[in-house]
Amino acid sequence: MAKPSERVITIPRMGTLQLMLEDMFARLDVKYIMPPPSTAKTLEVGVRHSPEFSCLPLKVTLGNFIEAIEAGADTCLMAGGCGPCRFGYYAQVQKEITKDLGYDVDWIVLEPPKKGFISFLRTFKKMAPHRSIRYIWRQVLISFEKARHYDSIEKRLLHNRAYELEVGASEKAYTEAIDILRPAVSKEEIAELAEVALKHMDESVAMDKTKDVLKVGIVGEFFMLLEPVVNFDIEKWLGERGVMVDRAVYTTDWIAPSLANQVGGLSKEEVSKYADKYLSHTVGGDGQQTIAHTVLYVEEGFDGIVHLMPFTCMPETIAKSILPKVSKDLDIPLLTLVVDEQTGKAGFITRLEAMLDMMWARRAAKAGHDDWIPAGAGTH
Amino acid sequence: MAPTVGLPRALLYYKYHAAWDAFFNHLGVETVTSENTSKKVLNIGLKASDSEICLPVKVFYGHALDLGEKCDYVFIPRIVQVEKGSFTCPKFLGLPDMIRAVDNPPEIISPTIDVRNGRHAIRDAALEVGRMFTDDEAKIVKAYKLAMKALRKHEKDLVKENIEKTPIEKLKSLIGGNEGNKEPVLRIGIAGHAYNIEDPYISLNLIQRLKDRGIEVVTPENVPMKKIKKAAKDAPKDLFWNYERDILGASYHWVKNKVVDGIIYVVAFPCGPDSTIQVFVEGYAKKEGPVPLMSIVIDEHSAEAGLVTRLEAFVDLLTESKLSAQGV
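Those sequence lines, one after another, are chains A and W. In this text, residue positions in the first sequence follow this note's numbering: the first is 8, and each later residue adds one. In this text, residue positions in the second sequence follow this note's numbering: the first is -17, and each later residue adds one.
Be aware that one or more of the hints could be misleading.
[To be verified] A few chain A positions that, by computed beta-carbon distances, are all more than 12 Å from chain W:
1. P120
2. L200
3. M214
4. K222
5. K243
6. S265
7. V290
8. M316
9. K327
10. P331
[What the hints assert, rightly or not] BS3-like mimics (lysine-lysine), calculated; alpha carbons at most 30 Å apart, straight line:
11. W:K66 <-> A:K275
12. A:K243 <-> A:K332
13. W:K142 <-> W:K238
14. W:K142 <-> A:K106
15. A:K133 <-> W:K215
[Said to hold, decoys possible] To be clear about the criterion: a stretch of chain W counts as covered by chain A if any three or more of its residues have a C-beta under 8 Å from a C-beta of chain A, and this derived list gives those stretches:
16. 176 to 189
17. 253 to 259
Hint data in this document are derived by calculation from the structure and do not stem from the laboratory. Each residue gets a CB set at the ideal place from its N, CA and C atoms; glycine is no exception.
Using the sequences provided together with the hints, build the complete structure.
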C-alpha cells in the first residue's frame, strides 16, 4: 500500500464527474489515474466478479477500478451513502471483491456530509494530507462551482442538438466549450469563461430554431443517466433525430441534491410537490425523483418520457411499478428501458424509433392532421 | 355491518402479525388474514405486479388484491424505520403506493411507521388507524399497548436462548439409515427473510424438508437480538437495513460461535439488499469459520427437483465433513 503522500487515486467513470475531479485533484496536488474508457471488456471484468443480481453500476464501476488498478492506481475513491439504496455499500462490496482478487489497494470512501460533516471533510484530507482542511474545502467548493457550469454547458448541448443543421456540429462546439472553461482557476475566471463557453455553444453552430422538434424528458437512476456508455448515448441518438432532450439529473445535482441552483435536479420540496400524488415517500436512490420529474415534464409540455434504470434497481423498480398509472392519468407516452449486461443497443433503438413515431402521430392528431408524418420526421 | 380489515399474509406480516391481530382485536375490528400463499395467489400477484420486482413483493400483490375483493380495507403500513438510523427495504417504503397504482386498487390503510417521527411515532400511527374505527382514544392507546406487548411476547417466544454447541453424538447413525433416531444430529442455520423462509410456498417447503431428514433448523429469529447486534459489529460498515442487519448478525453469530454445521442462505430473486450482504456473509463464513454455506436463489420458476438435489448434496457434505472432523 502506498504512503498517504504518494497515493495514486482513481475513481469510477461517470459522465462529466471526471471533469470535476480532474479539476479538484489538480487544485489539491493529488496524483491520479483515470480508468480507461469503459468498454465491453470493462463490463465483462466487472460482471465476472460481481454478485449476480447486483445492479449494473456496481459491475461497471468495479470494472473501472480493476482496470485502473492494473494501470497503476493504488487508492480507490468511491462514494458512500446512508440508505436505503444499496449504493451505500458498493465501496465495501468492491473492496471485499478486489481484496479477494489479490489487489492490495487502499479505499477512501466519501460518505455524504449528512453522516457527519467533520468526517466528510477529513476524507478529503486523506486524499491531500499535505493541505489544510480549510484550503481543501475552499478548493472543493470552487471546483464544484465550476462543475455546475460544465453541467449547464452539457444541458445546452442536449437542447441545441435538435436544431443543428449539420450533424455533429453541437457536439464539436460542446468539446470546444469545455476546453474554454477548463483552464479557469479563480471564481471570477470561472464565471467569465463559463459565459463565453455557453455563448460559443449557441453562436458557433448553425441552427434552425424554427424547426419543429419533439421534446423528450429522460428520467431514472443517476448512473444510467450520467454515463453515456451504459445508456448507449441515447441522448445523442435522440438529438440527432430532431429531439430536444432534457435530463432529470446532472452530475452536480447528484453530488448535492439538497442545494439550490440545480441544473436539472429538483429540491426536496419540489420532489414532494410533484410526486406525492403517486409516491408520497422517498424510496431511496432516485425513485421518487423519477416520478416527480415525469409529472413536471408533462406540465412543461414534453411529448414523452424515457425512463432509464439498471436491472434489479430497487428504487427504480418501485417507480416502474407506479409509472404506468402516471402515464395513463396524465396521458403521456412513456418508455422504460431496463439495462443489464445482456442489453443490446438494437433493442433500444427499435423501441425508441417506435416511440418517436408515436409522439409525432400524437402531435399530428392534436393539430387535427390525418397525415401524421410531418415533413421533418425521420430526417435530419 | 362492521367494516373488515384484511391482513395480507406476506412480507412483514410474518414479523408483526401478533401486534396487528392484537390491535384490531381489542378495537373490535374484524380482520381477515389472507390464505396461505398458493398458485392462485401468486398468479394474481404476477398479473398485477411489475415483472422485475422481487418474488415476495409479487406474492404480496397477490395477497393484497385477493383480500381487496373480500374486505373493506387492506392494511398496508408504510414501515420506514423501526430502529433509528436503519431503514427497512426500499420496497416497504413504496409498498402502499405500488398497490394503489394497480387498476381498481383496494381501499388501503397505510399508516407510516417511522421512529424518526418522535418518541411516540408508533403510538401516533396507531391512533391514526384507530380513529377510523372509534372515537375512544383511550381504547386505541390500550389496543396499541396490547399490540406491543403481544409483539414482544411473540419475538421472545421465537428466541432460543441456549443454542451454543452443536450436537455431535449419534452422527454415525445418520449415514447408516436414521430410522428410529429422533435426535437431530446436524444443525443448519437458514439465513433469509421470514417472509421467504416461513412461507412454504415461496421456499418450496425448505424448512420442513430439512426437519424431515432429522436436521435441526435455526433461523435468524431464534437468535437473541443482543447476540445479533454484537455479531453485526463485525460488518465492514454499519448496516442501514434493519432486517438485513438481523440476517447478517445471526449468520455472523452462527459462524463465529460455531453454532451451526452449515448455513443455507435463501435469497429471493432479485433481492437488492441480499445481493449486497450476501457478499459479506459468504466472505465471513469462509474466513472466520470456515462454515459451509450454500446460497439458494428462489423465484416464481423455482422447481422442487432442483432444490431437493442441492439440499441432499449439501447435507451429505456437512455430514461427511463433520464425521471426518470427529475422526469417525
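Here is how each hint holds up against the structure:
In this structure A:P120 is separated from chain W by more than 12 Å, as the shortest Cβ-Cβ distance comes to about 16 Å. Every C-beta of chain W lies more than 12 Å from that of A:L200, the closest at about 40 Å, which supports listing it as non-interface. Every CB of chain W lies more than 12 Å from the CB of A:M214, the least distance being 40 Å, so the non-interface label holds. Non-interface call for A:K222 relative to chain W: holds, since the shortest CB-CB distance, roughly 25 Å, exceeds 12 Å.
Every C-beta of chain W lies more than 12 Å from that of A:K243, the closest at about 27 Å, which supports listing it as non-interface. With a least CB separation of 17 Å from chain W, A:S265 remains clear of the 12 Å interface cut-off, as annotated. Its beta-carbon lying about 4 Å from the closest one in chain W, A:V290 breaks the requirement of being farther than 12 Å from that chain. Listed as a non-interface residue, A:M316 fails to keep its Cβ farther than 12 Å from every Cβ of chain W; the least gap is roughly 9 Å.
For A:K327, the condition that its CB be more than 12 Å from all CB atoms of chain W is violated, with the nearest at approximately 5 Å. Against chain W, the non-interface label of A:P331 is violated: not every CB pair exceeds 12 Å, the least being about 7 Å. Restraint check for W:K66 and A:K275: satisfied, since their Cα atoms lie roughly 21 Å apart, inside the 30 Å limit. Distance check on the hinted pair: A:K243 and A:K332 sit about 29 Å apart at the alpha-carbon level, within 30 Å; holds.
With a C-alpha separation of about 17 Å, the suggested pairing of W:K142 with W:K238 holds against the 30 Å cut-off. For the given pair, W:K142 sits about 36 Å from A:K106 by alpha-carbon distance, which is inconsistent with the 30 Å threshold. In summary, the hint linking A:K133 to W:K215 is supported, as the alpha carbons are separated by about 24 Å, within the 30 Å threshold. As drawn, the region 176 to 189 of chain W meets chain A at 0 residues by the rule of a beta-carbon pair under 8 Å; below three, the given contact is violated.
Three residues within the 8 Å Cβ limit are the bar, and the region 253 to 259 of chain W against chain A gives 6, so the coverage statement holds.
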